[in-house]
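A.B. asks: Given the structure of chain A, go ahead and fit chain B onto it with the hints provided.
Okay, here's what each chain looks like letter by letter:
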Amino acid sequence: MSLLGKKFKLIEAFDQATEGGYQLLPARFASLDNIRYFLSNEVGEFLVVTRKQLDDYVRKRVFKNSDFYYDLKSKGFLIDADSNVALDLLALKYRTKAQRISQFTALHIFVVSLRCDYTCQYCQVSRQTDDKHAFDMSEQTADKALDLVFKSPSPAIKIEFQGGEPLLNFYLIQYVVTTAKLRNIQHQKDLQFVITSNLSLLTDEVLDFCVEHSIFLSTSLDGPELLHNANRPRPGKNGYQLTIDGIKKAQAVLGRDKIGALMTTTEKSLPNVKSIIDTYLENNLDCIFLRPLSPYGFAIKTRQAYKYDVDQWFEFYKEGLDYVLEINKQGYRFVELYTELIVNKLLSPFATGYVDLQSPSGAAISAIVYNYDGDIYASDESRMLAEMGDKKFRLGNVHNDSYEDIMLSDTLLDMLESTLSESIPMCADCGFLPYCGTDPVYHYATQGDVVGHKALSGFCSKNMKIFRHVISLLEDDVEARKILLSWVRS
Amino acid sequence: MILQLHFSLNSKIFWINKIKNEVLDQDLRDTLSQETANIRTLILANAFSNTGLIE
Numbered sequence: 000m001s002l003l004g005k006k007f008k009l010i011e012a013f014d015q016a017t018e019g020g021y022q023l024l025p026a027r028f029a030s031l032d033n034i035r036y037f038l039s040n041e042v043g044e045f046l047v048v049t050r051k052q053l054d055d056y057v058r059k060r061v062f063k064n065s066d067f068y069y070d071l072k073s074k075g076f077l078i079d080a081d082s083n084v085a086l087d088l089l090a091l092k093y094r095t096k097a098q099r100i101s102q103f104t105a106l107h108i109f110v111v112s113l114r115c116d117y118t119c120q121y122c123q124v125s126r127q128t129d130d131k132h133a134f135d136m137s138e139q140t141a142d143k144a145l146d147l148v149f150k151s152p153s154p155a156i157k158i159e160f161q162g163g164e165p166l167l168n169f170y171l172i173q174y175v176v177t178t179a180k181l182r183n184i185q186h187q188k189d190l191q192f193v194i195t196s197n198l199s200l201l202t203d204e205v206l207d208f209c210v211e212h213s214i215f216l217s218t219s220l221d222g223p224e225l226l227h228n229a230n231r232p233r234p235g236k237n238g239y240q241l242t243i244d245g246i247k248k249a250q251a252v253l254g255r256d257k258i259g260a261l262m263t264t265t266e267k268s269l270p271n272v273k274s275i276i277d278t279y280l281e282n283n284l285d286c287i288f289l290r291p292l293s294p295y296g297f298a299i300k301t302r303q304a305y306k307y308d309v310d311q312w313f314e315f316y317k318e319g320l321d322y323v324l325e326i327n328k329q330g331y332r333f334v335e336l337y338t339e340l341i342v343n344k345l346l347s348p349f350a351t352g353y354v355d356l357q358s359p360s361g362a363a364i365s366a367i368v369y370n371y372d373g374d375i376y377a378s379d380e381s382r383m384l385a386e387m388g389d390k391k392f393r394l395g396n397v398h399n400d401s402y403e404d405i406m407l408s409d410t411l412l413d414m415l416e417s418t419l420s421e422s423i424p425m426c427a428d429c430g431f432l433p434y435c436g437t438d439p440v441y442h443y444a445t446q447g448d449v450v451g452h453k454a455l456s457g458f459c460s461k462n463m464k465i466f467r468h469v470i471s472l473l474e475d476d477v478e479a480r481k482i483l484l485s486w487v488r489s
Numbered sequence: 000m001i002l003q004l005h006f007s008l009n010s011k012i013f014w015i016n017k018i019k020n021e022v023l024d025q026d027l028r029d030t031l032s033q034e035t036a037n038i039r040t041l042i043l044a045n046a047f048s049n050t051g052l053i054e
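Residue numbers (numbering that gives the first Met the number 0), protein chains in the order written: chain A, 0 to 489; chain B, 0 to 54.
One chain only, chain A, in its complex shape (with noise of 0.2 Å):
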């Protein structure tokens, strides 16, 4: 064979037209819209296909030479005499996009208190009044749970302290991360702290503090001042000065990174997407989570949750991404996160950890939560359900159980099995299966059931439409997907 014969193929290698067929691999579809359909592979690589040629694929009638037999071929979709690698290609992407999975559990909540100075109507946590120390985490607690926490394999290891309002047990917060940051010399994890706080109690000794210890800090906002205020009530009726006050302070002295908001979307919020996001640009916030309210707790008990429907919101959501793209043609750079995190999804082999996008569900395994009393929940809206009455989802207690009693209970188990995409009806045909995840918990207070009927889930219906949408987008909207492409490569 002659020096070039070894760098390229001879010429019988490409005329696949004498080879004999094809054979498919594992792949899934949906429907896009009324003529296009979303084709997507088990490693998520996927492909936008008309009727006939999703037919001709699976029927085998796709031309060899053709674009599309090219695309099928390189995508992973198909393999023929030719394709050595394709298997062993598909195998390696499918163990990286489960790395995350051996590195469990990265974010560990901290309820240090369920008291809070709000009475916001949709609260998904049952606060008590602030004079009630009952329910403030101790030391003890607190210790206990980070015997937990450092038992983790995750590298990465953050820490958030939520409530009620956490800054009213700041005294527990300086506690947790002076010991964790101490305990943290042997185990030598990636360590980052998060105070998720209304900033009401934002002192320079908290901002002190959280300069000293390089700690996060996550607020809500949720538009204006009179929807804010309507929406999360306080005595004074000042939450949004003091909010905004708050970010202003918290932006100065820690710096614009490190003070990031969310929305909560109410029945009053949803003519008022231009405004909400106009409020983030008007105080230097460079991102926005459309987020809809949660059937838990107090959105339940004054029924909120019930207020609009996945339609209505899914209206919100999309004006207000067509508003957030208008910003971002404008020249400046403003996020929707979700669609950020869809798009990542989309485009990229690796995990993004977000807890109810995932096969199995992040439940205790991305992120898990010691509740102020020591139990311990597998996820944020477990304890949420539990302050309703319903402990279901309670995995143990800090000073009762071992971390291998937790990681290893049948509650956990049975709540990953139930949660594995692949096998929950409906989802295990679904083309957007590599992007999307179930929430376990959503389905059981909606349902009655972990699983759920998947034809009557919110929660399928609202994830099935900004899929479908934010592909489209990327197919369809040249400028769009330059602004899209733009925030998942920075």
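Calculated directly from the structure, the hints in this document are not laboratory data. Heads up, the beta-carbon is just placed ideally off N, CA and C, and yes, glycines get one too. A portion of the hints provided could be inaccurate.
To be verified - Sample of chain A residues at the chain B side, in silico, Cβ under 10 Å: (1) G20; (2) L24; (3) A29; (4) D32; (5) Y36; (6) V42; (7) T49; (8) R58; (9) K92; (10) T95; (11) Y174; (12) V176; (13) T177; (14) D428; (15) G457.
Unchecked claim - Straight-line Cα separation of at most 27 Å, BS3-like style, residue types lysine-lysine; simulated pairs: (16) A:K248 <-> B:K17; (17) A:K267 <-> B:K17; (18) A:K247 <-> A:K157; (19) A:K317 <-> B:K17; (20) A:K306 <-> A:K257; (21) A:K92 <-> B:K17; (22) B:K11 <-> A:K51; (23) B:K19 <-> A:K59; (24) A:K453 <-> B:K19.
Said to hold, decoys possible - What follows is a list of derived Cβ distance ranges for each label pair: (25) B:L2 <-> A:A427: 53 to 61 Å; (26) A:S73 <-> B:A36: 17 to 25 Å; (27) A:V210 <-> B:S48: 47 to 55 Å.
C.D. replies: Frame of chain A; chain B shown alone:
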């Protein structure tokens, strides 16, 4: 109990086409899943092992 549904001609055509497409989709899904069941197992086995099962 018998439930009677009445459609306009347009919506009748719409729903008939929708059901036809759904049946065709399920047929394609069945073919795909039957033909790729073994190879899916092989890929997963290889992904979660350190052996060269494919060779």
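A.B. asks: Where does the structure disagree with the numbered hints, that is, which hint numbers, in rising order?
C.D. replies: 1, 4, 7, 11, 12, 13, 15, 16, 17, 20, 21, 25
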